[in-house]
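Trainee: Since the structure of chain A is provided, determine the placement of chains B, C, D, E and F on it from the hints.
Number of protein chains: 6
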Amino acid sequence: MNRLSHLDSKGNARMVDVSGKKETVRTAVASGEITLSKEAFLKVKENAVEKGDVLTVAKIAGIQGAKRTYELIPLCHKIFLNHVDVTFQMNEKRRAIAIEATTKATSKTGAEMEALTAVSLAALTIYDMVKAVDRGMIISEIKLLRKSGGKSGVWERQ
Amino acid sequence: MNRLSHLDSKGNARMVDVSGKKETVRTAVASGEITLSKEAFLKVKENAVEKGDVLTVAKIAGIQGAKRTYELIPLCHKIFLNHVDVTFQMNEKRRAIAIEATTKATSKTGAEMEALTAVSLAALTIYDMVKAVDRGMIISEIKLLRKSGGKSGVWERQ
Amino acid sequence: MNRLSHLDSKGNARMVDVSGKKETVRTAVASGEITLSKEAFLKVKENAVEKGDVLTVAKIAGIQGAKRTYELIPLCHKIFLNHVDVTFQMNEKRRAIAIEATTKATSKTGAEMEALTAVSLAALTIYDMVKAVDRGMIISEIKLLRKSGGKSGVWERQ
Amino acid sequence: MNRLSHLDSKGNARMVDVSGKKETVRTAVASGEITLSKEAFLKVKENAVEKGDVLTVAKIAGIQGAKRTYELIPLCHKIFLNHVDVTFQMNEKRRAIAIEATTKATSKTGAEMEALTAVSLAALTIYDMVKAVDRGMIISEIKLLRKSGGKSGVWERQ
Amino acid sequence: MNRLSHLDSKGNARMVDVSGKKETVRTAVASGEITLSKEAFLKVKENAVEKGDVLTVAKIAGIQGAKRTYELIPLCHKIFLNHVDVTFQMNEKRRAIAIEATTKATSKTGAEMEALTAVSLAALTIYDMVKAVDRGMIISEIKLLRKSGGKSGVWERQ
Amino acid sequence: MNRLSHLDSKGNARMVDVSGKKETVRTAVASGEITLSKEAFLKVKENAVEKGDVLTVAKIAGIQGAKRTYELIPLCHKIFLNHVDVTFQMNEKRRAIAIEATTKATSKTGAEMEALTAVSLAALTIYDMVKAVDRGMIISEIKLLRKSGGKSGVWERQ
Numbered sequence: 001m002n003r004l005s006h007l008d009s010k011g012n013a014r015m016v017d018v019s020g021k022k023e024t025v026r027t028a029v030a031s032g033e034i035t036l037s038k039e040a041f042l043k044v045k046e047n048a049v050e051k052g053d054v055l056t057v058a059k060i061a062g063i064q065g066a067k068r069t070y071e072l073i074p075l076c077h078k079i080f081l082n083h084v085d086v087t088f089q090m091n092e093k094r095r096a097i098a099i100e101a102t103t104k105a106t107s108k109t110g111a112e113m114e115a116l117t118a119v120s121l122a123a124l125t126i127y128d129m130v131k132a133v134d135r136g137m138i139i140s141e142i143k144l145l146r147k148s149g150g151k152s153g154v155w156e157r158q
Numbered sequence: 001m002n003r004l005s006h007l008d009s010k011g012n013a014r015m016v017d018v019s020g021k022k023e024t025v026r027t028a029v030a031s032g033e034i035t036l037s038k039e040a041f042l043k044v045k046e047n048a049v050e051k052g053d054v055l056t057v058a059k060i061a062g063i064q065g066a067k068r069t070y071e072l073i074p075l076c077h078k079i080f081l082n083h084v085d086v087t088f089q090m091n092e093k094r095r096a097i098a099i100e101a102t103t104k105a106t107s108k109t110g111a112e113m114e115a116l117t118a119v120s121l122a123a124l125t126i127y128d129m130v131k132a133v134d135r136g137m138i139i140s141e142i143k144l145l146r147k148s149g150g151k152s153g154v155w156e157r158q
Numbered sequence: 001m002n003r004l005s006h007l008d009s010k011g012n013a014r015m016v017d018v019s020g021k022k023e024t025v026r027t028a029v030a031s032g033e034i035t036l037s038k039e040a041f042l043k044v045k046e047n048a049v050e051k052g053d054v055l056t057v058a059k060i061a062g063i064q065g066a067k068r069t070y071e072l073i074p075l076c077h078k079i080f081l082n083h084v085d086v087t088f089q090m091n092e093k094r095r096a097i098a099i100e101a102t103t104k105a106t107s108k109t110g111a112e113m114e115a116l117t118a119v120s121l122a123a124l125t126i127y128d129m130v131k132a133v134d135r136g137m138i139i140s141e142i143k144l145l146r147k148s149g150g151k152s153g154v155w156e157r158q
Numbered sequence: 001m002n003r004l005s006h007l008d009s010k011g012n013a014r015m016v017d018v019s020g021k022k023e024t025v026r027t028a029v030a031s032g033e034i035t036l037s038k039e040a041f042l043k044v045k046e047n048a049v050e051k052g053d054v055l056t057v058a059k060i061a062g063i064q065g066a067k068r069t070y071e072l073i074p075l076c077h078k079i080f081l082n083h084v085d086v087t088f089q090m091n092e093k094r095r096a097i098a099i100e101a102t103t104k105a106t107s108k109t110g111a112e113m114e115a116l117t118a119v120s121l122a123a124l125t126i127y128d129m130v131k132a133v134d135r136g137m138i139i140s141e142i143k144l145l146r147k148s149g150g151k152s153g154v155w156e157r158q
Numbered sequence: 001m002n003r004l005s006h007l008d009s010k011g012n013a014r015m016v017d018v019s020g021k022k023e024t025v026r027t028a029v030a031s032g033e034i035t036l037s038k039e040a041f042l043k044v045k046e047n048a049v050e051k052g053d054v055l056t057v058a059k060i061a062g063i064q065g066a067k068r069t070y071e072l073i074p075l076c077h078k079i080f081l082n083h084v085d086v087t088f089q090m091n092e093k094r095r096a097i098a099i100e101a102t103t104k105a106t107s108k109t110g111a112e113m114e115a116l117t118a119v120s121l122a123a124l125t126i127y128d129m130v131k132a133v134d135r136g137m138i139i140s141e142i143k144l145l146r147k148s149g150g151k152s153g154v155w156e157r158q
Numbered sequence: 001m002n003r004l005s006h007l008d009s010k011g012n013a014r015m016v017d018v019s020g021k022k023e024t025v026r027t028a029v030a031s032g033e034i035t036l037s038k039e040a041f042l043k044v045k046e047n048a049v050e051k052g053d054v055l056t057v058a059k060i061a062g063i064q065g066a067k068r069t070y071e072l073i074p075l076c077h078k079i080f081l082n083h084v085d086v087t088f089q090m091n092e093k094r095r096a097i098a099i100e101a102t103t104k105a106t107s108k109t110g111a112e113m114e115a116l117t118a119v120s121l122a123a124l125t126i127y128d129m130v131k132a133v134d135r136g137m138i139i140s141e142i143k144l145l146r147k148s149g150g151k152s153g154v155w156e157r158q
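Residue numbers (the working numbering), protein chains in the order written: chain A, 1 to 158; chain B, 1 to 158; chain C, 1 to 158; chain D, 1 to 158; chain E, 1 to 158; chain F, 1 to 158.
Chain A extracted, bound-state conformation:
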């Protein structure tokens, strides 16, 4: 049975020591979604078609959040990100906006937390921008889809 890497043998919180790890190319893809009321969904959709502002602001928030992940997640390492991307898909039937974030780094630790943080902050920003119309939105299914690089290699969601 594996150990929780952020706890020492006595159960105290700790940061993982990555001194012995190699700098390799790391990628991660994470996704999530936010479900809206019919009215709110239409508002964003309209806007998305004409101007893209709700989703542009959410994208910026996601990218900036990824860059600051090490400040937000206490035991996370600071890494240099080669790339962050955040994309959106409007699913009309389910009145949901699907969010996907991709991160790339040349680093000693993976970039999974950065991708998950980007998705979370993009979703929260959509909530913030739409909440005057719908306070009932739900953010769900924030999860890792795929990661590559490092000693553990490729991991893919089944």
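A portion of the hints provided could be inaccurate.
Note: identical chains are not told apart, hence a pair may lie in one copy or across any two.
[What the hints assert, rightly or not] Pairs of lysine-lysine, DSS-like flavour, derived with a Cα cap of 25 Å:
1) Lys10 - Lys21
2) Lys22 - Lys108
3) Lys151 - Lys93
4) Lys10 - Lys38
5) Lys21 - Lys151
6) Lys45 - Lys10
7) Lys45 - Lys93
8) Lys21 - Lys78
9) Lys78 - Lys108
10) Lys151 - Lys108
11) Lys93 - Lys38
12) Lys10 - Lys143
13) Lys21 - Lys108
14) Lys22 - Lys38
15) Lys151 - Lys22
16) Lys78 - Lys22
17) Lys143 - Lys108
18) Lys143 - Lys93
19) Lys93 - Lys108
20) Lys78 - Lys38
21) Lys45 - Lys21
Source of the hints: derived by calculation from the structure; they are not laboratory data. All values derive from a computational prediction rather than experimental measurement.
Mentor: Showing chains B, C, D, E and F alone in chain A's frame:
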């Protein structure tokens, strides 16, 4: 039909002007959950009973995130928070950790985004601390439960 | 002859003590511009018409910068901003993008630095987004246009 | 005609992917100036000679701003700076303070934005420290003078 | 026997709820010192007389740290500081630099942590600037001297 | 006699240029202590045995502070830390909590400031969490114990 408050009449992003709003007592309660593998759930549970570290670190991350919400959500106002609390409940049957955040402020704008951000960062921190055991965890159901104060008064999830 | 408020009688740096000042409504308007090559100007203009992304990202950077001014300007007070707005005008003849930022606060100190910081960061963001096409852009004429509120009342540029 | 690097083919904002770029030594030099009233210029000059505080504080603000550029400019990469320097020259005839910032990095992306940000924040800090004497100051001519390193090599302002 | 305010009845970390507290004027004075080798002390002293830069940079670091205390101390409230001052005294006999920080706020919570943080960061900055000459410096006696305001009123060190 | 590395030949503040330095493995160990009243010491001790929360929160604050050292210490370089650890020892006789921080990095500059900052912020956090019981606590003996790596090699406190 209400307008999206963060877009002007041409659909451009904008921050809401709260100059005319009164400082009133605002509260918000938000929740969310993270679902773990059986192994990961047990690890956290054990630790929670003996030491509480995974959840203590997640709590700290949630509180700190709430205080910095205005930096993370681009069009969100800076507010002075009177209180932030983040609590956890371990649901063994569903192998889920339920997260609840409460925020209070005396301010011109609500404290909903702060509560939702606290939940999100607490969940991400649990993910970070447990990911060596389980990369498949899913963060879900991040939503507002209740808010009070301000012109729109009390809102409660049905 | 007035004294420099941020230096004490011996010339040492100091933060102004605003304990005795009243919280009043403060506003400030600042402007600036960035001059581009013909090619770069057209690129932004095209984009501005179709998508608005260069200017949307610049606007977000300006608003976020305004909120964090107290972190960037060492002797500046933290204030609660009621509102920040950043707008742009494309001047084809001069191949310049004019930037204007408005800030409002209910506070003991003015919001001038916040408006000037918003203009500066919006201009720097335009530079960043366009620099692959034109490294020669020049940011100029960053200045206060107007401020109101506080003991010194209204000030307007001649 | 070159493309705007921070927009994708549909005009959406994007961060440039630098995964394929090599870490090389990069330098950048940027400059700018702030023009003051006669009274304000003399105040700073006196102080500069005796104590240097206005300019020391501005220098610190410039250096710190350079280190945090990736937080302030949304699509900018985080880089490790080997060096940042900010210098000032008092031009009595024009009542202007010329600001020059030099940045050096061993990185996959250039250090131009860091130099431009250092100049901008130094100028804003001078404004903040002198504004009790002169609100009319103007910040101008913020521009790149030279950059070296990376695939595009040396660029110099004509 | 008083309770630790940042722990709940089960010993879990918590932020104090200040909703019921009044905004009153709060002040705090904290001090500390850093002891240097003879050589290092002389270097700073020389510089202090001629230029003041080591101490000016340390002062700036202290003031900026005070403003960001709520980010650094996990369970600390965000407050709006009316004033922060950091002063230094060179004690030649003991080869020590005494540091004193004063903070003022109109707030629901005290400004003690802000004063103590200002002293600590000023001391660390002196260490950083002098360490090429002396790595053996010791930072000591960081303590609260006095605080006023709030329900508990004046407290003074015996 | 060595020069202060952060001052140029005219005594102006400067950041050290590390362009010519090699990336090597660097470690640093720093320590400090906080002395408490008898009552406060017992409170923390009890809690430490049962729950560990005061010290867990202090540890998190120390680790996070280490990661953000370059933001807090004006002339300090940004580095990527491989590891930070903060540990505590309760000394009942002296009613003191000893704090030790270890940092590791693969970098062009040392990690001493990061270790010293971790100790300082852990101590300040203990103060914050215990101050309702004892305002008289004193933070002392913050110092470097050992550092290795870089051109100057190993340094150890006598």
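Trainee: With identical chains, the pair Lys45 and Lys21 could be close in the same copy or across copies; at 25 Å between alpha carbons, which is it: within, between, both, or neither?
Mentor: Neither: 45 Å inside a copy, 30 Å across copies.
Trainee: Are the CA atoms of Lys78 and Lys22 at most 25 Å apart within a copy, between copies, both, or neither?
Mentor: both (15 Å within a copy, 20 Å between copies)
Trainee: Go through the copies and call it for Lys21 and Lys151: within, between, both or neither, with a Cα cutoff of 25 Å.
Mentor: both (8 Å within a copy, 23 Å between copies)
Trainee: Classify it for me, Lys78 with Lys38: is the Cα-Cα distance of at most 25 Å met within a copy, between copies, both or neither?
Mentor: neither (40 Å within a copy, 30 Å between copies)
Trainee: Is it within, between, both or neither when you check Lys10 against Lys21 at 25 Å Cα-Cα?
Mentor: within (24 Å within a copy, 39 Å between copies)
Trainee: How would you label the pair Lys21, Lys108 (within, between, both, or neither) given a Cα cut-off of 25 Å?
Mentor: The answer is both: 5 Å in one copy and 18 Å across copies each meet 25 Å.
Trainee: Is it within, between, both, or neither for Lys93 and Lys108, if the alpha carbons may be no more than 25 Å apart?
Mentor: This pair counts as neither: shortest intra-copy Cα distance 42 Å, inter-copy 37 Å.
Trainee: Check Lys151 against Lys93 for me: Cα-Cα at most 25 Å, and say if that holds within a copy, between copies, both or neither.
Mentor: neither (41 Å within a copy, 33 Å between copies)
Trainee: Regarding Lys45 and Lys93, is the shortest C-alpha distance of 25 Å or less found within a copy, between copies, in both, or in neither?
Mentor: For Lys45 and Lys93, only the intra-copy Cα distance (13 Å) is at most 25 Å; the inter-copy one is 35 Å.
Trainee: At most 25 Å between alpha carbons: which applies to Lys93 and Lys38, within, between, both or neither?
Mentor: Close inside one copy (10 Å), not across copies (33 Å); limit 25 Å.
Trainee: Given identical chains, is Lys10 near Lys38, meaning Cα to Cα at most 25 Å, within a copy, between copies, both, or neither?
Mentor: between (50 Å within a copy, 22 Å between copies)
Trainee: Please sort Lys151 with Lys22 into within, between, both or neither, judging by C-alpha distance up to 25 Å.
Mentor: Close inside one copy (9 Å) and across copies (23 Å); limit 25 Å.
The structure does not agree with the numbered hints 3, 12, 14, 19, 20 and 21 stated previously, though it agrees with the rest.
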